[in-house]
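Protein chains in written order, with my numbering: chain A, 1 to 305; chain B, 1 to 208.
There could be a bad hint or two in this list.
[To be verified] Lysine-lysine pairs mimicking BS3-like chemistry, simulated, CA-CA at most 25 Å apart:
#	chain 1	residue 1	chain 2	residue 2
1	B	K105	B	K75
2	A	K204	B	K69
3	B	K172	A	K245
4	B	K185	A	K245
5	A	K204	B	K105
6	A	K245	B	K69
7	A	K204	B	K207
8	A	K301	A	K218
[Unchecked claim] Part of the chain B face toward chain A, derived, beta carbon under 8 Å:
#	residue
9	G130
10	D135
11	P145
12	I150
Derived from the structure by calculation, the hints contain no laboratory data.
Note that the structure is predicted; figures quoted are calculated from it, not measured.
For glycine and all other residues, C-beta sits at the position ideal for the given N, C-alpha and C.
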Amino acid sequence: MKKQFLKTLLIGLSLTSFQLHAAPKPADYQVELPASQSGPSTFTPPSDEQLPKGPFGDMVRYGRDLFMNTDQLRGKYTNNGMRCVNCHLDQGRKPDSAPLWGAYTMYPAYRKKTDRVDTMEERIQGCFMFSMNGTPPPAGSKELTALLSYHHWLSTGAPVGVALPGRGYPSLAKPAKQPDAQRGRAVYEAQCAVCHGADGLGQKGANGQYVFPPLWGKDSYNWGAGMHRINTAAGFIKANMPLGKPNTLSDQDAWDVARYINSQERPADPRALNTIAETDKVYHDENCTYGDHVHGHTLGKGTGQ
Amino acid sequence: MPLRNLALALAMCGAVGAHASDEQGLAIVTQGTAAGATACIACHGIDGAGGAAANFPRLGGMDAAYLRKQLLDNKNGARHSPVMTPVAQGLSDAELKAVTEYYSKQRPQMPAVSAEPAALALGERIANQGLWARDIPACFSCHGPEGRGIGAFPAIAGQHAGYIAQQIEQWKNGGRHNDAVGLMKAVSDRLTADETQAVAAYLASLKL
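Given the sequences, and given the hints that come with them, work out the whole structure.
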């Protein structure tokens, strides 16, 4: 909290000093790493058959298991119904679906989101805090080491410090029309609802765990997750959704449906300041609906527990 | 007190109603209907085990709402079948409900599956992990853990291999097109003949 206060204070000061010159532009805490090379993916991660034997192989396997069956950490390190593989398809291997091999070799890196140089471990901890709405496993814990080992192994042979094609999600050009939630709703109902539910709350299997992840509501990613940003979600959706039908939605549809999904209430931003307006200004300047008034509701209040 | 009696009476009606529906289901399954539906048991069996020889699908233990949708699709043409369309047209909505609920409650014994270990291993991989290099998702990412079905997605575990392979072929060639969002069409188009056989054998080897 103290650190947060200082950060806010610094931003406040810098805004004041800029006011004489130009309209203040709050820091965009979600700007990501440098854009990747475009074009088809050229890197192939090792196959499961190549998993090594011995203690390191065991740790990689455990990391893969946590990645696929993240529910086992619920209540300890996660606090929603999301699994790592929901956003990183094909066990974290798939190009244009934020593959682990695309991230691992880019860290440590400076990120505006945290305004410091983050290590890979800290980046993974960020996923736990925001996408999993949880409390990150500490550095040195078996869980974090296992996930890091899995990242490392999948990146075997990848060049360090090179933004490989297929890293992250593709960036879509701004659409012809402003993204619109009403149009997005029609896309959602036609293309997404059969899996994620008309209410967006996902669908659970007989064991009580989600088969189709919730896209909003208390079991979804929170207001601090990268996926809550309309541009990030649009890129993911375009390249990966509906599952097995990549790049079938028009760019406009992807933007619209991303806006619809991200205009719904979800767990609160763990970085929240005193008011939604303040949090909005500092952390949610662009590409999101945080703080918007929709049907008499101010988005960002969170879903409670 | 009168209210409680009323509730009791309603509950009994409900129980009698459910019983009547089960009996109606059994009657249709064994005898067909006057409107022209032939007896289901001729092809699907009394317990809904279906038949491997002529690709008659297993119905026993499958989700009633899914079975109902298929019959409605047969009826309205969304799923065309020279055999099933006239049958579906001979079933009223109530009869259709009774039949599908009857079969959803059955637990048929399915025949053992024999397939090459290599084919089963490939099938297991496709079902659990997919072949993402060619944008083929895991079967179970939509059909649920162990292929037991969820929501609009039917159970595929314990289904006859021949039937599964035939359906994939039909999606591929356009003979079947009543899948949600064209998801099965997209997957079927990318599966090779060998992969289709492998995944069908693996799914047939599972228990529902």
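Each hint tested on the structure:
For the hint pairing K105 (chain B) with K75 (chain B), the CA-to-CA distance comes to about 23 Å; that is within 25 Å, so the pair holds. A C-alpha spacing of about 21 Å is found between K204 (chain A) and K69 (chain B), which places the hinted pair at or below 25 Å, so the restraint holds. Taken as a hint, the K172 (chain B) and K245 (chain A) pair is honoured in the structure, with Cα atoms around 15 Å apart against an allowance of 25 Å. For a cut-off of 25 Å, the pair hint linking K185 (chain B) to K245 (chain A) stands: about 10 Å separates their Cα positions.
For a cut-off of 25 Å, the pair hint linking K204 (chain A) to K105 (chain B) stands: about 22 Å separates their Cα positions. Annotation: proposed proximity of K245 (chain A) to K69 (chain B) holds, straight-line Cα distance about 24 Å (limit 25 Å). For a cut-off of 25 Å, the pair hint linking K204 (chain A) to K207 (chain B) stands: about 20 Å separates their Cα positions. Taking the CA atoms of K301 (chain A) and K218 (chain A), the gap is about 12 Å. The hint holds against a cut of 25 Å.
Because the smallest distance between the Cβ of G130 (chain B) and any Cβ of chain A comes to about 7 Å, under 8 Å, the interface hint for this residue holds. Evaluation of the D135 (chain B) hint against chain A yields a held restraint, the C-beta minimum of about 6 Å falling below 8 Å. Interface hint at P145 (chain B): satisfied, since its Cβ lies 5 Å from the closest Cβ of chain A, which is below the 8 Å cut-off. Proximity of I150 (chain B) to chain A holds as hinted, the smallest CB-CB distance being about 5 Å (cut-off 8 Å).
Going down the numbered hints, you'll see the structure goes against none, and every one checks out.
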